[in-house]
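Residues per chain are reported as follows:
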Amino acid sequence: MTAVNDSDGVRLASTVVRRIFFYVLIGGGTAFFALPLLWLLSASFDDTPTYAVRVPRHFSLGSFAEIGRNPYALRSLLNSTVLAVATMAIVVTAAALAAYALSRARVPGRDALLYALLLLSSVVTGTAAMVPIFLLIFQLGLIDSNVGVVLVLSGGLLPAAIFLLKDFIDTIPRSYEESARVFGASPLQILRHIVVPVARPGLATIGVWTVVQVWGSFLTPFILLRDPDKQPAAVLVRTFYTEGGSPNLKLIAAFSLLYSIPVVLMYLLAWSRYGFRFHGGIKS
Amino acid sequence: MVPAQPAVTAPPATLAEPAPASARQPAVAATPQSVGVDTSTPTDVAGLGRLRAVGFIAPALVLIGVFLVFPALWTLYIGATNFRLTGVAARTPDFVGLDNYRRALSDPSFYRSLWLTLLFVFGSAVIGQNGLGFVFAWGLRGARRWVRRTAESLVLLAWILPSSVVAFLWIALLERDDGTLNELLGRAPGVPWLVRYPMLGIIVFNIWRGTAFSMMLYSAALSAVPPSHLETARLAGSSTAQTLRDVVLPHIRRYALSNTLLITLWTFNDFSPFLLTAGGPNHGSETTPVYIYNTAIVGGQMGYSGAISLLVLLINLLLALVYLRAARTSRRLSGG
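The listed protein sequences derive, respectively, from chains S and E.
Be aware that the first sequence starts at 552, since it is given in this note's numbering, and climbs by one per residue.
Be aware that the second sequence starts at 13, since it is given in this note's numbering, and climbs by one per residue.
Quick caveat, the hints were computed from the structure, so don't treat them as lab data.
Hints may contain errors.
[Stated by the list, open to error] Pairwise CB distance ranges, derived in the manner of DEER restraints:
(1) 70(E) to 579(S): 46 to 56 Å
(2) 197(E) to 747(S): 51 to 61 Å
(3) 666(S) to 189(E): 51 to 61 Å
(4) 592(S) to 114(E): 49 to 59 Å
(5) 114(E) to 613(S): 52 to 62 Å
(6) 110(E) to 599(S): 57 to 67 Å
(7) 747(S) to 329(E): 31 to 41 Å
(8) 574(S) to 189(E): 31 to 41 Å
(9) 130(E) to 729(S): 48 to 58 Å
(10) 560(S) to 293(E): 49 to 59 Å
(11) 560(S) to 294(E): 54 to 64 Å
The structure presented is a predicted model; accordingly, all values stated were derived computationally and were not measured.
C-beta atoms are modelled at their ideal positions from N, C-alpha and C, and glycine is treated no differently.
My request is simple: use the sequences and hints to build the entire structure.
Below, the structure is given as structure tokens:
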């Protein structure tokens with residue numbers, strides 16, 4: 552009797568110890584993730600921010616006024632928006648058309664094409680293709696042009712977008728389209744009035760995903776845009792120095808916060824609205 | 013902040029980089045189901061016809077062809093020339109055959125970049141993200157809802173914020189004069205962490221940056237372990253280590269393989285170390301992506317860096333093929 556109780560006691564104690572161990576581990580891990588992030592909040596509202604995370608000595612919104620004082624800052628957020636929206640329009644349209652045809656029609660070499668797209672999306676990265684892409688855009692005379700950046704980003708994001716959307720369209724029952732066809736709808740009518748409305752969550756996923764990718768993308772605009780008037784926020788934020796040559800912490804903190812908020816909002820929106828599936832590599 | 017429980021039912025078969033990383037990230041994503049390429053004959057329900065179908069695919073293929081496939085193939089040619097950004101060789105580059113490859117193979121700075129990349133990939137992805145991702149997934153399994161949500165949200169936030177922003181957050185954290193880390197340690201003349209330990213700095217940074225993916229993957233994988241098996245192990249009095257080895261590992265092995273291959277591929281191509289250290293000090297953290305940038309865009313030696321780019325493309329191709337093979341095998345084994 553007592554033996555059983557003892558071993559129960561030991562087991563209980565070991566469970567408690569294990570619990571505490573895990574909570575310490577998770578607590579420490581969470582602090583590790585929280586610590587760098589806190590600076591974004593603490594420094595943005597401090598009237599004299601330093602590198603250290605601390606409760607603002609004097610709460611102030613003055614850092615946000617710095618954004619208006621920098622000649623390029625607001626402009627760069629606009630540039631980021633233009634790049635993101637233009638790339639999204641191209642990627643969603645081209646990927647939707649291609650994915651629909653690949654899902655529904657007999658396209659010669661379809662399986663090989665899909666396999667090639669899958670490989671392409673991961674093998675030809677921005678890093679590996681930096682040299683030829685720079686030379687290509689240089690020879691096309693598109694350095695310092697938004698068009699060059701949008702085309703390069705679209706080409707890079709399309710394989711994955713097509714792949715994801717084809718997956719999505721494959722799950723849509725074909726009976727809708729069959730019935731529409733029985734009633735005499737043309738292929739384009741079917742696409743516009745049947746497929747697009749049903750596929751809207753998939754299209755929205757790809758749209759949000761594209762915007763987030765472009766919004767944060769650094770390398771491509773960094774090598775293709777030299778003019779600070781044209782640079783998106785991701786590139787411009789690295790140029791925020793004071794006349795003295797040290798980083799302008801007020802500007803960096805407030806601007807980074809402002810620049811990060813849309814990404815967080817888009818994730819929140821996407822999750823609450825569509826409950827995105829966790830799609831392999833895709834952050835959604 | 014926290015997404016619904018990810019509905020992963022099998023390892024992702026997608027290859028491309030999801031992370032909001034600095035580089036143009038090809039995000040490969042596809043479920044293994046789709047990797048195995050659907051063999052059912054598509055019925056042309058909308059009456060597209062072959063011609064119109066090709067017309068639908070064409071715009072995407074043209075963009076991919078010009079801005080992705082052509083650059084990749086062009087690398088073959090660029091790497092065999094003495095292409096430079098300025099001077100005579102910029103206008104009329106000469107064909108130099110394998111000279112660039114010979115030079116790379118005898119260039120210590122190229123070997124150094126490969127070695128640093130290996131350290132970076134192994135330390136931050138294979139060990140760091142993999143390990144910490146699993147610890148979070150395992151530790152948060154039975155945690156209270158608010159604990160789980162808070163922890164997951166912070167890990168995810170580190171993943172989704174733009175790389176230029178998170179890079180500066182880490183510069184501030186590790187700054188010598190009044191950086192948070194030195195303040196916490198109470199160092200008066202602080203340690204210039206990124207100058208003294210640049211590799212350690214970018215490795216820890218990348219663990220912080222990318223653990224979310226592994227955490228989500230493992231947390232989905234763990235939800236596929238039958239609770240009854242865990243319960244049986246508990247009643248049989250097995251230790252955590254025994255449970256992990258005998259009950260959990262068999263269920264998550266293929267996820268672990270997929271995860272490792274994917275994060276290796278992404279980390280190998282990651283350009284964010286540049287945002288922290290720009291490869292310095294004195295090339296001390298110049299991983300291959302940063303080395304390519306420094307020789308090509310800064311140094312103007314397009315031919316030479318083209319040759320190195322080709323090597324990166326080949327390594328990527330190898331990793332991607334191994335990944336797809338593994339995804340297909342595990343799909344066959346699971347009867348998917």
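When the hints from earlier in the document are held up against this structure, which numbers fail? Structure breaks no hint.
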